[in-house]
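Chemist: So you can see what is in the structure, the chains are spelled out below.
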Amino acid sequence: MRANIVSSLIAIVAITAFFGFAYPLVLTGFAQVAFSHQANGSLIRRNGTVVGSSLAAQSFTGKQYFHERPSATSPAYNADGTTFANLGPTNPDLAKNVEAAAAAILKLEGPYNPGLTIHDIPVDAVTTSASGIDPDISPANAALQSRRVAAVRHLPLATVQKLIAQNTTGRSWGFFGEPGVNVLDLNLALDRVS
Amino acid sequence: MSGQGISQILFYCVALIALGYPLGMYMARIYMADRRGRIELGVYRLIRVDGKKEQDWKSYGGTVIVFSILFWGLLYAIQRMQGHLFLNPDHLKGVPAHLSLNTAASFITNTNWQFYGGEYTMSYLTQMAGLAVQNFVSAAVGMAVLAAVVRGIARRSAGTLGNFWVDLYRSLVYILLPLAVVVTVILVWQGVPQTLSGHATAHTLQGATQPIARGPVASQIAIKQLGTNGGGYYNSNSAVPFENPTGLSNFIELLAILLIPAAQVFMFGRMVLARRHAWMVFASMFVVFLLGVAVNLPAEQHGSQVLRSSGVNLTQGHGQSGGNMSDKEVRFGQANSAAWTVATSDASNGSVNSGFDAQTPLGGAVPLVNLFLGEVIFGGVGTGLYGMFFYIIIAVFVAGLMVGRTPEWLGKKIEAREIKYAALGALFVPTMVLALAALSIVTKSGLASVYNSGVHGFTETLYAYDSQSNNNGSAFAGFGLTNFSADFGTIAMLLGRFVPMLSALALGGALARKRIVPASAGTFRTDGATFVVLLVGVIALTAGLMIFPALTLGPIVEGLMHQ
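Going down the list, the protein sequences come from chains A and B.
Last residue of the first sequence: 364 in our numbering, with the numbers rising by one and none dropped.
Last residue of the second sequence: 1421 in our numbering, with the numbers rising by one and none dropped.
In isolation and in its complexed conformation, chain B is listed as follows:
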């Protein structure tokens, strides 16, 4: 770890807050605005909805589900038929059925898990009109749902949460689109291709021919990072120089990963008029983010046992960043790979700029644990913060039990119904991960996906279901495509998306109906450092304890063998 590497990470943190705060204020204004522009009204007329009509949580959730399922169907159809459609200069064939279902589910749920290599499986049409569209839409759906839930927290004695179509339109057009255009332009400038021509063919200096995949890459990479999607244009994702060519492009993409999730915390504070509380939520996330970096970076800089005992030079300095350079890129080195590893697994992004499979046991355990926390540390756009609300409810409930009073949050009494929704939202996904991973390692068809033998194979399996269930999409890789893994992955992604989403909407609906009770001396304060400690503790206990037994079977055993 050099001072230079650490200062890059610190600068990143400063930039995240400096840009996230004003963006959060802007987003709050967007979602609270009553005025509708002429184009906006035209769009509502076109899709035949009344933008002024508000929906209760059930109607809101129903619209989300219908909209998402129909999009799932379209995405499946495009992939199956891409061989007969236009914009296919490399003449790629239709995608197999199980893989298409899995990929369609993967993109509508904001997971972007990839059982395929983009550059040799998906035509330009599929990438542009199918997958890249979902990068916008799945992100906007998460943002819309969050806006609705936050309104539920802010309102009193209200029955409705807003209108899905209004929230969707505003997320897409006023927030995601302008940011994506700016990031695209920066990325192209740095070297990311943006062309409709097919492969280039190079005749190398030693006389070989080298095909070079390119395409409309930059416009897709911009939104894949901003929307915490993470699905790469290329198989090796953002490690590939064509997706992420320079130190600057890496900084911009890394910023784009956490920018909207961070801004949403400030947006929440503005919308419910609880800025100090929002800062405490931000602080809780920030602490866990820094912890992740503080574990991953030294572990990777120290290097793996195999590399250390080989005798090669791992020492940082004298013209190299050293450490575990397996499946890492020279232009990123250790600090930028570590910051990315933590950010992408804290958010539900899942793009990678280094290979997780090759990380040291301790370093690789960081993304695994982060995913298991349900991606509430910043988390996915929208999904991260409403996931955090579950933990906040549990935290104030625990605090209420300690002092023997009815728990309150932001002036609202937290009662049995809210606790049930929060518990369902927080516990459903980790439970499903363990069940699916267990099912996968006790069946022959499940084991067929595993590349590395022994405990590392178990870690790969656990990570695969962890990643898909949490809608992350990053891969430890080393986990192959079979019909079994494709279909169970599809189930994991769909349930992992919609169960917590509906729980959050139900929670928002329940809170909207409540009246405000004035704070008393017995009210647990949620705007101080005690709350940060309690919240981080609750996250660690709830999710951490669930994954600990599984961790002992995977990375911990591997770490011990490694000694």
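For reference, chain A alone in the conformation it holds in the complex:
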């Protein structure tokens, strides 16, 4: 028993030193040298200031911008306090939130999309993402918003569609995952054009 305790204590110190410090620190050193951009949070700079990360959604409310998916974090798109919405499939609040989100979209996009109905709204536009900072919207969601952005910015629709295509992250190696449109990257590209 005594021998066990002594061995355990020495082992605990040794293991903590190696796996708690040496392992993460050596890898941090390597990552900072080899993949400095990713290792520091994929931050995006414009004129020297950090305007966001391509891995985190941020709040867009202006009509000239593409909008992110709903977020359950507080405040919305809090990259320092990610959370699920945790509304069960039968929770009445889920129905209320979806209805409200759909109504807001119809009001916002309707004027630019004659004949738009709720059946045209892709599901990701009215549901919270899992992280609350999903940086992507579905290509269908981007297509829905494209007419508004083009009209507000006085750009040809084709230009906006081209930018959407350029900022669509395809499946990794054309195979893994699902395609998504990175909203921050897209909005930055739009700001550069007009």
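Think of the hints as simulated: they come from the structure by calculation, not from any bench.
Check the hints yourself; a few may be wrong.
Covered by chain B, according to a simulated footprint, are these stretches of chain A (three or more residues, beta-carbon under 8 angstroms) [unchecked claim]:
hint: 1; segment: 175 to 183
hint: 2; segment: 201 to 207
hint: 3; segment: 261 to 271
hint: 4; segment: 283 to 296
hint: 5; segment: 321 to 329
Here the structure is a predicted model, which means the values were calculated and not measured.
Beta carbons are placed, not taken as given, at the ideal position from N, Cα and C, and that holds for glycine.
Fit chain B to the given chain A structure using the hints.
Modeler: This is chain B only, laid out in the frame that chain A set:
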């Protein structure tokens, strides 16, 4: 369900076998090697143990317990004192007592249940030197115990099972460390942060400020998946883009979840020289894994009633993956979320890349049932396979009863003692889950944890104790921290870890002492398809029947209300 989504899942299955098999052979060699390297011998000298001295099951188990309990104390102390310690750039305060106890128990038992949001509760020191260390250690302990139990099955007329310190060292240094380094590098390349700087602050396009949490994330995520730990760096776990940024990172992490548990089945086959039997065990696990995906994916793709009746477009194709996108991420869609949901609950991983709470009743029932099976479908590193041994013993016992002969497994007679250990190992945890969930819903302090009202609240409670008792750690969420839930959770995790572990070691000890009896015409063959059917049936009957009444109170009622 698109062909594309299904082909991603099939490719995953192929990769799992293609990588798991050679890894299993390698691991068998590692655990059977008599030779000890110079560094290895130096380490044994440092911790004052004789690596050549073998232990019987009681001594082995005793060492595991002492080692784990001492580590529990250290982890508790680090959390309480983190406010006064270094590597705390965001100036986080000490963690409250009940939460610290629960979290310490959670990480030493390989559960990684989290009653807290990592990025705003734990300092870099706590994450790195406390929690991340346990990701390695708790996994290595499970792997060591499995190696000992497998030796017990392989040996004949032997009194010992090996040496804990040797098995621990080899699991850590020869298996977990190299894999973790490779996965870390891939993850950083894909976009997972690995830095010691504090928050970044962004000035958004619309003029707001946005703090962005980062840290030494990649090195921790790599081992959290490989060691079936599952505790996230961020609150939303592997759904957060900083933990899991791309389709490729998702594939790698998903592979890491089941890689070692799958490899261990092949390792077992190699070590006891019963490869066909091992393939049958693998097949049994694989069938249940695929069943889970086959239920969860269509249910989620079909979508929840609320979403369907709202009128929004759930149809897959035309630029979206559709379905129930509540608490799911666009870059994963339905197929990758479903595969992950099933893998993480089959293994005792518990990391999530989508929110389980928001899944449809049928979809969400899959992880609930998987957990209840005791995580023997691949299961946790080490723990999964020795948990499966309990069911195998019960299966050959049932087969023996059917034909009226003494049951045998791999040439060893299964007698009363082995059946008792197997029954204890298989039934203790489900019984405890039901008891704790019942206690929680009949007391005021228990009910204080529930977020959603009605039957969904019951499901959340059941899932919370199911997850903690089985050392899974995934959350249906919607289950809040109170002193009551923290302390009962602590009890659930500790007993759920060590009772089955000691049962397995005792079983290994009992089997090691036995002689081999030659197979006869009456021996039930454990290397054919009949065995697969019997084993899956026994798992379904033993665990399935225990949870069925509770399921009818939770997801089944909810599913009916949902119509």
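Chemist: Hint by hint, say whether it matches the structure.
Modeler: Quick rundown of the hints versus the structure:
| no. | hint | in the structure |
| --- | --- | --- |
| 1 | 175 to 183 | holds (count 8) |
| 2 | 201 to 207 | holds (count 4) |
| 3 | 261 to 271 | holds (count 5) |
| 4 | 283 to 296 | holds (count 10) |
| 5 | 321 to 329 | violated (count 0) |
In terms of the numbered hints stated before, the structure departs from hint 5 and from no other.
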